[in-house]
Amino acid sequence: MKLRKNAVIVITSLASALVLYVLASMSRSDPDRLLRETIRAATLQNTDETILNLDSILAHYPDHVNTLMERVEYSRSESEKLMFLARVQQGPSQKVAGARLLEGNILLDQKRYRDALAAFREAVRLRPSFDEARYRLIPLQALQRKPAAVREQLQAIREIRRLTLAEMVLWITADERLTPFSEAVGYLEAFLQADPNDVDSLRALCIYLAEESQQDAAVGQLKAALQKTPNDPDLLALLGHFLLDGGQITQAAEVLNSLRPELGSSVEQWHALGQLAFASGDLKYARIAAEFAALSTPFERSRTYLYYRVLNALGNHEQTAEWQKRSATLNTLHTEVATVEITIVRKILDPRPVIRVAGLLLELNRPTEAREWIEMARSMNGAAQSLSQLSQRCAEQLASYQEPVLISPGSAWNSADRLRHSVIAGPRQESGTVASAGILLTDSAREMGLQMVYENGRTGLKYLVEAMGGGVSVVDFDHDGWPDLYCPQGGSLGDGPKLPPVSDQLFLNRKGTAFSNVSDPAGIREYGYSQGVAAADINGDGFDDIVVANVGRNTLFLNCGDGTFNDITDGSGIEMSSAMSSSVALADLDGDTDLDLYVVNYVDELKICRDDHQQIATCNPASHAAAADELYENLGNGQFRDVSAAFNNGHTSGKGLGIMIARLDGDLQPDIFISNDTTPNFLFVNRTNADGLQFEELGFSMGVAVNGTGQVHAGMGIACADLDHDLRPDLYVTNFHREANSLFLQRDPSVFQDSTTAAGLREPTLPRLGFGTQALDLDLDGWMELFVTNGHIDDQTDRDIEWKMAPQLFRTVDGLHWSDISSQSGPFMHQKALGRGVSVLDANRDGRQDLAIGYQDRPLALLINESSAPGNSVVLCLIGVSCNRSATNTVVYWEIGGKRMMTELRGGDGYYCCNERRLTLGLGTSELAELIEIHWPDGKVDQLQNVIGNKSYLARQGTPLVEEPL
Numbered sequence: 001m002k003l004r005k006n007a008v009i010v011i012t013s014l015a016s017a018l019v020l021y022v023l024a025s026m027s028r029s030d031p032d033r034l035l036r037e038t039i040r041a042a043t044l045q046n047t048d049e050t051i052l053n054l055d056s057i058l059a060h061y062p063d064h065v066n067t068l069m070e071r072v073e074y075s076r077s078e079s080e081k082l083m084f085l086a087r088v089q090q091g092p093s094q095k096v097a098g099a100r101l102l103e104g105n106i107l108l109d110q111k112r113y114r115d116a117l118a119a120f121r122e123a124v125r126l127r128p129s130f131d132e133a134r135y136r137l138i139p140l141q142a143l144q145r146k147p148a149a150v151r152e153q154l155q156a157i158r159e160i161r162r163l164t165l166a167e168m169v170l171w172i173t174a175d176e177r178l179t180p181f182s183e184a185v186g187y188l189e190a191f192l193q194a195d196p197n198d199v200d201s202l203r204a205l206c207i208y209l210a211e212e213s214q215q216d217a218a219v220g221q222l223k224a225a226l227q228k229t230p231n232d233p234d235l236l237a238l239l240g241h242f243l244l245d246g247g248q249i250t251q252a253a254e255v256l257n258s259l260r261p262e263l264g265s266s267v268e269q270w271h272a273l274g275q276l277a278f279a280s281g282d283l284k285y286a287r288i289a290a291e292f293a294a295l296s297t298p299f300e301r302s303r304t305y306l307y308y309r310v311l312n313a314l315g316n317h318e319q320t321a322e323w324q325k326r327s328a329t330l331n332t333l334h335t336e337v338a339t340v341e342i343t344i345v346r347k348i349l350d351p352r353p354v355i356r357v358a359g360l361l362l363e364l365n366r367p368t369e370a371r372e373w374i375e376m377a378r379s380m381n382g383a384a385q386s387l388s389q390l391s392q393r394c395a396e397q398l399a400s401y402q403e404p405v406l407i408s409p410g411s412a413w414n415s416a417d418r419l420r421h422s423v424i425a426g427p428r429q430e431s432g433t434v435a436s437a438g439i440l441l442t443d444s445a446r447e448m449g450l451q452m453v454y455e456n457g458r459t460g461l462k463y464l465v466e467a468m469g470g471g472v473s474v475v476d477f478d479h480d481g482w483p484d485l486y487c488p489q490g491g492s493l494g495d496g497p498k499l500p501p502v503s504d505q506l507f508l509n510r511k512g513t514a515f516s517n518v519s520d521p522a523g524i525r526e527y528g529y530s531q532g533v534a535a536a537d538i539n540g541d542g543f544d545d546i547v548v549a550n551v552g553r554n555t556l557f558l559n560c561g562d563g564t565f566n567d568i569t570d571g572s573g574i575e576m577s578s579a580m581s582s583s584v585a586l587a588d589l590d591g592d593t594d595l596d597l598y599v600v601n602y603v604d605e606l607k608i609c610r611d612d613h614q615q616i617a618t619c620n621p622a623s624h625a626a627a628a629d630e631l632y633e634n635l636g637n638g639q640f641r642d643v644s645a646a647f648n649n650g651h652t653s654g655k656g657l658g659i660m661i662a663r664l665d666g667d668l669q670p671d672i673f674i675s676n677d678t679t680p681n682f683l684f685v686n687r688t689n690a691d692g693l694q695f696e697e698l699g700f701s702m703g704v705a706v707n708g709t710g711q712v713h714a715g716m717g718i719a720c721a722d723l724d725h726d727l728r729p730d731l732y733v734t735n736f737h738r739e740a741n742s743l744f745l746q747r748d749p750s751v752f753q754d755s756t757t758a759a760g761l762r763e764p765t766l767p768r769l770g771f772g773t774q775a776l777d778l779d780l781d782g783w784m785e786l787f788v789t790n791g792h793i794d795d796q797t798d799r800d801i802e803w804k805m806a807p808q809l810f811r812t813v814d815g816l817h818w819s820d821i822s823s824q825s826g827p828f829m830h831q832k833a834l835g836r837g838v839s840v841l842d843a844n845r846d847g848r849q850d851l852a853i854g855y856q857d858r859p860l861a862l863l864i865n866e867s868s869a870p871g872n873s874v875v876l877c878l879i880g881v882s883c884n885r886s887a888t889n890t891v892v893y894w895e896i897g898g899k900r901m902m903t904e905l906r907g908g909d910g911y912y913c914c915n916e917r918r919l920t921l922g923l924g925t926s927e928l929a930e931l932i933e934i935h936w937p938d939g940k941v942d943q944l945q946n947v948i949g950n951k952s953y954l955a956r957q958g959t960p961l962v963e964e965p966l
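1 is the number of the first residue of the sequence shown in our numbering; add one for each residue after it.
Please note: incorrect hints may appear among the correct ones.
30 Å max Cα-Cα, derived BS3-like pairs, lysine-lysine [to be verified]:
| id | residue 1 | residue 2 |
| --- | --- | --- |
| 1 | 284 | 325 |
| 2 | 832 | 804 |
| 3 | 81 | 347 |
| 4 | 228 | 111 |
Calculated from the structure, these hints are not laboratory results.
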């Protein structure tokens with residue numbers, strides 16, 4: 001062994017001597033040969049000798065690219081590598097570009113973002129076909145939230161070769177967040193630590209923080225940065241944007257009015273200026289800015305939606321219709337592109353979503369991109385007939401298509417003139433933490449005999465509908481003034497196990513002390529897979545009837561008035577329903593004094609879906625087709641007429657889950673709001689006349705179809721009330737995990753505004769998945785609280801996603817700012833479960849509203865309101881005489897100390913639920929209501945003076961109040 005080791009030393013020494021001899025004797029004109037000899041000898045040399053030889057070559061040939069690159073390989077530190085890479089400036093562009101790539105990689109490892117970016121950009125400048133360098137730039141610029149820069153790289157690739165399917169997806173989604181929050185924040189904070197003056201990283205970090213509802217942190221960081229660079233227009237634009245989202249219009253104006261777009265501005269600056277002008281009522285300049293921003297970013301939803309809202313406010317009907325369609329189509333496009341992304345991740349060759357994306361691009365008048373998607377689908381052996389039709393449409397569009405030439409509208413912008421014509425709202429007062437006011441909710445279901453567990457089928461196949469059920473409805477079926485409970489039940493489903501038959505359950509309220517299960521003696525034998533329930537008097541006999549929404553045939557139970565029900569579905573006109581129904585509601589939609597029926601339908605079929613690991617997982621609603629809703633006119637003779645075909649004509653189907661029927665536009669006719677799952681919400685404004693039931697779908701124009709950024713959400717529960725005391729009804733809609741619930745305040749007649757962020761409701765609801773929700777006055781101070789049940793549809797705890805979730809309770813004292821008081825409202829509010837439907841009732845008739853909650857994983861809960869020191873109240877039981885007997889959609893106003901408030905007995909109460917048919921008017925500390933006005937659905941008004949509080953009254957239309965015992 002010693003001999004072998006000595007031999008190696010001798011050979012190595014001879015090799016070194018040979019290289020040194022060659023170096024000394026060769027002419028300067030042959031560095032490549034020197035390098036070859038050095039590399040050949042390196043296999044026998046130690047590292048130090050090789051470095052010495054390379055340095056000797058570089059001493060004679062300091063710019064020799066190959067030697068410099070070889071020297072990089074033998075560098076002992078990153079800084080040494082960077083030193084030699086920096087010297088690679090001359091030579092073949094391919095070699096120099098490679099040096100810039102290596103340099104960028106090292107700089108990126110050192111978190112030197114700006115230097116790395118410059119190196120990668122130089123690499124692709126030198127070598128345009130350098131995919132590896134572009135693939136460094138694209139994720140880096142996506143991380144920095146620079147969609148234009150991402151598309152610049154993709155366009156450069158497109159000019160060299162065809163884009164891959166993944167690159168085509170990225171072209172459309174570049175405006176979206178593409179880097180997970182925790183990963184993005186980790187990189188950006190490291191970049192800023194290495195380079196505190198890195199404005200790009202600071203800007204991006206603030207965007208991510210704001211998206212996670214850390215608005216205050218984002219605003220604070222921007223203000224601190226602007227202390228150093230007070231005139232940075234992009235930082236000013238972003239700060240103004242955040243302030244506007246928070247409802248701080250005056251502060252936003254102070255920030256954004258320092259911009260001078262006449263001198264040229266980025267798209268982000270124009271968007272912020274458009275937001276400010278629109279919020280300030282300056283529609284002229286709002287249009288100038290919003291149009292440029294929308295046209296500059298054709299796949300960005302918030303800018304498209306802002307421009308649509310501006311056009312709608314201007315009353316430009318033709319353009320409004322065009323941009324409303326564009327906004328809706330953009331949401332559908334992003335949904336389909338997400339489906340394509342899933343096929344890419346799962347390595348599934350499926351041309352169907354690719355074909356659908358191509359069609360949507362043509363609807364958006366984007367034939368160039370559509371042609372790419374058509375060609376991709378053809379390469380995947382997509383359906384020949386569909387592709388042929390699309391190709392023809394695409395060719396026709398291309399023949400007349402001209403890419404719009406966008407010119408910054410700076411010449412049309414006059415900052416001084418805009419300031420003169422703006423109407424800036426006064427500063428919104430910041431509110432501190434709202435106290436709980438002693439609200440306490442205690443679950444008394446077990447003590448009161450309420451034993452009900454929803455059976456979802458336990459199929460193991462995770463059908464989408466399987467995760468939805470667990471509703472609960474209130475019905476005083478024996479008309480004794482004590483609210484009873486109807487609980488829909490599930491059962492066997494699809495190809496799942498055949499379970500013993502289970503029926504829906506009816507619980508009789510024993511005067512607030514207990515509940516008894518009277519399902520069988522009452523004739524409730526409903527063995528369908530039940531979802532939502534509506535209860536009201538459909539035949540005017542004084543007893544509430546029941547409609548049950550099922551997967552399949554729905555059921556109509558007629559109340560016989562003797563404590564029993566008859567199933568009269570057959571022959572009633574609703575027996576042919578076979579859709580996957582979710583919620584149902586009864587209301588007098590045509591003003592003929594009887595109640596019509598609206599059936600919300602969900603999706604088309606039961607379907608089995610799989611995740612990335614081919615494990616069975618709950619389906620994304622995008623994998624299902626929507627089922628059309630149904631509308632039935634009450635003929636007044638115990639039968640209904642199906643008018644669904646006429647009703648559905650002219651609008652697409654949603655994937656409906658919740659329903660609210662209320663007088664939303666201020667007239668006498670009740671309107672219909674539907675929360676849809678992953679499709680735009682519907683708001684059907686009632687236009688019924690002598691020709692029959694007629695509705696106009698105005699969800700977009702009234703501002704409730706999508707959220708404030710133009711993005712569609714997975715809408716579920718609905719609460720409706722005058723939340724800000726402006727005598728107009730507002731809407732609160734629960735949404736999916738990571739979407740945040742939506743607060744739509746009706747700022748002007750028939751115009752709602754997404755006020756979620758400004759109200760402080762985005763941050764606490766973003767990590768939740770909301771189902772049922774109700775607005776109710778738990779402490780009787782006249783201001784509504786918002787209660788929400790939460791729980792995921794699938795167990796994804798292995799991905800650190802919460803499955804079972806605690807409910808939430810939000811309180812306000814001004815209608816503008818809300819606080820989460822859940823933790824202060826009793827031990828029950830800490831319990832995590834899979835909450836679903838929730839209904840309002842006064843179970844013990846103490847004048848305080850209680851809650852009944854349905855679940856997927858635990859028994860029904862009955863939350864008794866045991867709040868300390870509540871205010872006073874007036875409870876009204878309404879009976880219509882010349883209008884529908886249930887008095888559905890009666891609006892009640894009451895006054896205390898000159899302050900006027902309003903509420904409504906609505907039809908449909910949200911998600912899989914139906915509330916008690918009584919109204920509770922909170923009086924606060926006042927002992928009486930100075931005035932109560934009852935505006936009946938037929939337009940008649942009853943005025944009642946000095947109504948004493950803490951009493952319950954029977955309010956029969958046209959007659960004095962009759963006191964009932966509490």
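Hints, one by one, checked against the model:
At most 30 Å may separate the alpha-carbon atoms for a hinted pair to count; residue 284 and residue 325 meet this at roughly 22 Å. The hinted pair formed by residue 832 and residue 804 meets the criterion: a straight-line CA distance of about 5 Å does not exceed 30 Å. Simply put, residue 81 and residue 347 have alpha-carbon atoms about 39 Å apart, too far for the 30 Å limit, and the pair is violated. A hinted pair counts as satisfied when its Cα atoms are at most 30 Å apart, and residue 228 with residue 111 qualifies at roughly 22 Å.
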